[in-house]
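Engineer: Make a model of the complete structure from these sequences and hints.
Every letter in the sequence shown is one number past the one before it in the working numbering, and letter 326, counting from 1, is 355.
Keep in mind that the hints were calculated from the coordinates and are not lab data.
Don't take every hint at face value.
[What the hints assert, rightly or not] Derived DEER-like restraints, expressed as beta-carbon distance ranges: (1) A203 x A87: 24 to 30 Å; (2) T308 x A411: 51 to 57 Å; (3) S317 x N272: 23 to 29 Å; (4) T348 x T308: 17 to 23 Å; (5) I589 x N481: 24 to 30 Å; (6) T67 x S130: 21 to 27 Å; (7) T439 x I589: 32 to 38 Å; (8) T69 x S317: 35 to 41 Å; (9) S317 x A411: 34 to 40 Å; (10) T348 x A293: 25 to 31 Å.
No residue lacks a Cβ here, since even glycine has one placed at the ideal position from N, Cα and C.
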Amino acid sequence: MSPTLPLSNRHYAFVLMAILCLSGTAQAQISIPNTSFTYTETFNTLPISGTGHTALPAGWAFFETSNVFGGANMIYRAGDASGPYFLVTYDTYSFGATGDSDRAFGSVTSTTQDSMNSTIGACFTNNTGSIITSMTVTYTGETWRVSSQNRQDGLVFQYNQNTTAINGAGTWTAFTALDYFNPGAPTVGGGSLRHSAVVSATISGLNIAPGNTFCFRWLNFNTPPATPNQEDALGVDDFSLSNIVVCTPPVVTAPTVTQPTCVAPSGGAITVNATGISTLEYSVNNGSTWSTNPVFSGLAAGNYHIKVRLQANPACETTYGSNPVVLSPPFTASTTTDTWTGCVSTNWATPGNWADGSVPTAVDNVTIPNVVNAPVIMGGTAAVAKSVLVQASAVFTIQATGSLAINGATGFALENFGILDNSGTIRVGNISTVANIGIVHRGGGTLNNKPNGLIQIDRTGGAEAFYTSGVVNNEATINIGINATVSGNGISVDGGIFNNKPGGSIQIEQTTGYGVFTGGNGGVFNNNATGSIRINRISGIGVINFSTFYNAGTLTIGDIAFSGQDDIENYATFTNASTGIISVDRAFSNGIWHITGTFQNSGKITVGSIANTGTGILSYVPFTNSAGAEIHIDRTPNGIVSTNAFTNAGLIRMGENVPLTGSGIVNTGVAAVLNNNAGGDISIKQTGLDAVQNSTNATFNNNACATITIFDNLSNSGSFTNTGLFTVNTTQTHTNSA
Numbered sequence: 030m031s032p033t034l035p036l037s038n039r040h041y042a043f044v045l046m047a048i049l050c051l052s053g054t055a056q057a058q059i060s061i062p063n064t065s066f067t068y069t070e071t072f073n074t075l076p077i078s079g080t081g082h083t084a085l086p087a088g089w090a091f092f093e094t095s096n097v098f099g100g101a102n103m104i105y106r107a108g109d110a111s112g113p114y115f116l117v118t119y120d121t122y123s124f125g126a127t128g129d130s131d132r133a134f135g136s137v138t139s140t141t142q143d144s145m146n147s148t149i150g151a152c153f154t155n156n157t158g159s160i161i162t163s164m165t166v167t168y169t170g171e172t173w174r175v176s177s178q179n180r181q182d183g184l185v186f187q188y189n190q191n192t193t194a195i196n197g198a199g200t201w202t203a204f205t206a207l208d209y210f211n212p213g214a215p216t217v218g219g220g221s222l223r224h225s226a227v228v229s230a231t232i233s234g235l236n237i238a239p240g241n242t243f244c245f246r247w248l249n250f251n252t253p254p255a256t257p258n259q260e261d262a263l264g265v266d267d268f269s270l271s272n273i274v275v276c277t278p279p280v281v282t283a284p285t286v287t288q289p290t291c292v293a294p295s296g297g298a299i300t301v302n303a304t305g306i307s308t309l310e311y312s313v314n315n316g317s318t319w320s321t322n323p324v325f326s327g328l329a330a331g332n333y334h335i336k337v338r339l340q341a342n343p344a345c346e347t348t349y350g351s352n353p354v355v356l357s358p359p360f361t362a363s364t365t366t367d368t369w370t371g372c373v374s375t376n377w378a379t380p381g382n383w384a385d386g387s388v389p390t391a392v393d394n395v396t397i398p399n400v401v402n403a404p405v406i407m408g409g410t411a412a413v414a415k416s417v418l419v420q421a422s423a424v425f426t427i428q429a430t431g432s433l434a435i436n437g438a439t440g441f442a443l444e445n446f447g448i449l450d451n452s453g454t455i456r457v458g459n460i461s462t463v464a465n466i467g468i469v470h471r472g473g474g475t476l477n478n479k480p481n482g483l484i485q486i487d488r489t490g491g492a493e494a495f496y497t498s499g500v501v502n503n504e505a506t507i508n509i510g511i512n513a514t515v516s517g518n519g520i521s522v523d524g525g526i527f528n529n530k531p532g533g534s535i536q537i538e539q540t541t542g543y544g545v546f547t548g549g550n551g552g553v554f555n556n557n558a559t560g561s562i563r564i565n566r567i568s569g570i571g572v573i574n575f576s577t578f579y580n581a582g583t584l585t586i587g588d589i590a591f592s593g594q595d596d597i598e599n600y601a602t603f604t605n606a607s608t609g610i611i612s613v614d615r616a617f618s619n620g621i622w623h624i625t626g627t628f629q630n631s632g633k634i635t636v637g638s639i640a641n642t643g644t645g646i647l648s649y650v651p652f653t654n655s656a657g658a659e660i661h662i663d664r665t666p667n668g669i670v671s672t673n674a675f676t677n678a679g680l681i682r683m684g685e686n687v688p689l690t691g692s693g694i695v696n697t698g699v700a701a702v703l704n705n706n707a708g709g710d711i712s713i714k715q716t717g718l719d720a721v722q723n724s725t726n727a728t729f730n731n732n733a734c735a736t737i738t739i740f741d742n743l744s745n746s747g748s749f750t751n752t753g754l755f756t757v758n759t760t761q762t763h764t765n766s767a
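Structural biologist: Below you can see the structure in the form of structure tokens.
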């Protein structure tokens, strides 16, 4: 059985290098004349000694890759893979004991040095006159040398249904059931068969047309060896191909259809008309379920997709060429006000799709249940409602250029328990006030704001404008409070995942609470690469995180206006990835207040680049500025105030553009340990007080290969250790009371 290694770690991919050498043997094909045909190959005709061999059983071939000229050639050798590892030649092999005609076909490969890889395989031609749908492959996988202790190695099986050679074009499909892996062994060495296993499986679901050539091949898995270059010697023996199954597809003609009526809305029927060579099975739901009875009754209005297959060979299937078969709905007016029925179609603007027989108006509360015809606001449709409720498992779609405006709700404006896909425009409170939350997205639901979509929320009166405990995927634009004030938070993530995907843009303004709030119920906010979040004109905190906040895009707070206490306040896990850019301004207390949890910066953080801000970074718990990361601080009283561990391996710049009125770094408290590690580069210019203030009981380490440059004095009352480069560009008096 294959080891559970991720596919991305498999080293059998063919790496094309500037000096790649590639060679393969010419290849014929083995003919499959009929379904009773069984093919076997023992490889016992391969040579038992010597080098420079080219002859192979008909239909079999190998090809080699190497990054050394001449490392890949059109020859193979015979041997038993014995001897010290440095005397074992990386090559394609006829494996077997010395003098023994019982052979196997394989290779010894190298992952370094010449990086020689060998692929073996065989090709067959379908001459049965029918489509081949399945077959059974059996072989013995063999290990002739173990090159690293206690490490699995093996062969990966692939097939191609339409190609001409084992390195030919077309789609190669991995089939793990036919992989061979040895279990690993504690003893290194070769010279005899170290392990073997019979591997057998049926490949089904094939579609190999008459006359097509298909091929099998085995690639070395190339598990990373404990010692460079030591890959196992692996081979294939006793191959067989059997149990060939072919398909003569059924012939499907026009069905007999009975339409539903108003008396029997689910009284539709479809009789499938088809002929075939044996017992048939029929489906009218695109193959989800099957029946031996061609008559399907009790059908409601909708689109039906007919398929017919052979019962004895389910892969031998025919799809009706004029699908879908449409059962048209009768028009049945409903007295249930503003509940979607989908009686006619999926079109929101069709009166017959609503229980009251009319399209909702601006004074209607709409309920969307889970029905067959899920509602779609088509492109060009301007839909309106007083409120909308999407029930569990229901699907609601707004197409591009379609729109939905919700105003005047006395409760939640838009409440979603199901799946909401928006490619158009959703406007909440654009005309009149919504008494409660603008959008409530519940756990178990999914809200997708797709490319070119727009969600706009204004004039809400609840605890937040947008509340979610489900899954939100934003690939377009969300604007909150752009046109009018919203009460409470802009976005609250209280469980579930909020994904601001690449290209997604979120703009939050005029909230009376926080810009973005992640609650303590396990919610995750992901601002992915090229995603953008911009927060301005709010009186609360820009981003307050009690769960998980991941930023790989752009997060901008206070670049226009801001009256909140902190730009960012963190109580849990906050990560600024390598592509993340955080820019914060105008908070009257702190740019970043790191209270509990972890804060990891691998990207860029800028504080006070535009306007005066409180303390740049106030950190009570460990804060890490990783290698390659950057922190830039201007226009603050103090740049960084840390009372716990602060680790820097990146770049920190303070007062480069505009002075700080206080100190650059204040390292204070018995738990305060600031490590400027190798590669760390700190420069502090233009401070009103000390460049570095290391307080009593605090520890400041400028470690080897780290750099600190200050343009003001150092005030040390604790432990200050320098083993790196410490440059002082000031005539001011330093103080050391430690």
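Engineer: Now tell me if each hint is right for this structure.
Structural biologist: Hint-by-hint comparison with the structure:
{"no.": "1", "hint": "A203 x A87: 24 to 30 Å", "verdict": "holds, 26 Å"}
{"no.": "2", "hint": "T308 x A411: 51 to 57 Å", "verdict": "holds, 54 Å"}
{"no.": "3", "hint": "S317 x N272: 23 to 29 Å", "verdict": "holds, 28 Å"}
{"no.": "4", "hint": "T348 x T308: 17 to 23 Å", "verdict": "holds, 19 Å"}
{"no.": "5", "hint": "I589 x N481: 24 to 30 Å", "verdict": "holds, 25 Å"}
{"no.": "6", "hint": "T67 x S130: 21 to 27 Å", "verdict": "holds, 23 Å"}
{"no.": "7", "hint": "T439 x I589: 32 to 38 Å", "verdict": "holds, 33 Å"}
{"no.": "8", "hint": "T69 x S317: 35 to 41 Å", "verdict": "holds, 40 Å"}
{"no.": "9", "hint": "S317 x A411: 34 to 40 Å", "verdict": "holds, 36 Å"}
{"no.": "10", "hint": "T348 x A293: 25 to 31 Å", "verdict": "holds, 28 Å"}
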